[in-house]
Amino acid sequence: GAVVSQHPSWVICKSGTSVKIECRSLDFQATTMFWYRQFPKQSLMLMATSNEGSKATYEQGVEKDKFLINHASLTLSTLTVTSAHPEDSSFYICSATGGRPNTEAFFGQGTRLTVV
Amino acid sequence: GQNIDQPTEMTATEGAIVQINCTYQTSGFNGLFWYQQHAGEAPTFLSYNVLDGLEEKGRFSSFLSRSKGYSYLLLKELQMKDSASYLCAVQTGANNLFFGTGTRLTVIP
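Chains as they are written, first to last, in the working numbering: chain A, 4 to 119; chain B, 301 to 409.
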């Protein structure tokens with residue numbers, strides 16, 4: 004299957020700082036990328052959907068000014084958690100599709116964010 | 301809104317068969333995925349259904365009934381390594397993927 008690379012795999016940051024997470028599709032053009040958050044023992048919750056070259060669409064309850072998403076190219080999307088708080092500590096996972104309907108979404112390895 | 305339900309936990313015996321159910325009510329439907337997820341790792345793809353019926357892939361099979369908003373994942377000849385969370389996910393008209401609550405399966409000897 005296709006490869007999606009997510010970095011970093013884990014990060015610890017101080018409250019009030021910002022953290023950037025990168026998601027790259029290595030061998031296909033990802034016209035659509037998705038960002039998920041997963042709290043312990045819970046399922047993946049979709050945060051936002053981003054299409055290359057356009058603004059991300061955020062799910063209800065997700066603050067767009069806090070979780071900045073940029074999808075500037077067909078192989079890279081970034082999620083920046085701004086002014087991080089301890090409650091933002093979570094597992095963040097990106098996934099990408101090639102844009103054709105009904106295609107499998109390929110997942111990055113995930114990023115474990117701990118805010119102290 | 302999207303509503304996707306799965307049992308929270310299941311336990312089954314090594315070598316047995318287990319069926320994990322998923323019911324859904326979503327705005328739009330382009331297909332249904334099943335993923336396996338081990339703790340702390342990203343989900344891995346298991347199966348995809350878009351038409352009604354059964355899709356078989358080795359020890360794993362997945363069934364879909366669009367009219368009933370229902371799917372199940374069938375795991376045969378269970379192995380200890382099958383202990384994981386199993387996520388049902390519905391792809392909506394916007395190509396978004398919404399996940400169910402996940403079912404934590406424990407395989408016991």
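No lab work stands behind these hints: they were computed from the structure. Check each hint, because a few of them may be wrong.
So, partial list: chain A residues that the calculated Cβ filter (under 10 Å) puts toward chain B [claimed, not checked]:
hint, residue
1, Leu29
2, Thr35
3, Met48
For each residue, glycine too, the CB sits at the ideal point set by N, CA and C.
How the hints compare with the structure:
1. Leu29: 14 Å, violated
2. Thr35: 6 Å, holds
3. Met48: Met48/A check passes; min Cβ-Cβ to chain B is 7 Å, inside 10 Å.
The structure fails hint 1 only (numbered hints given earlier).
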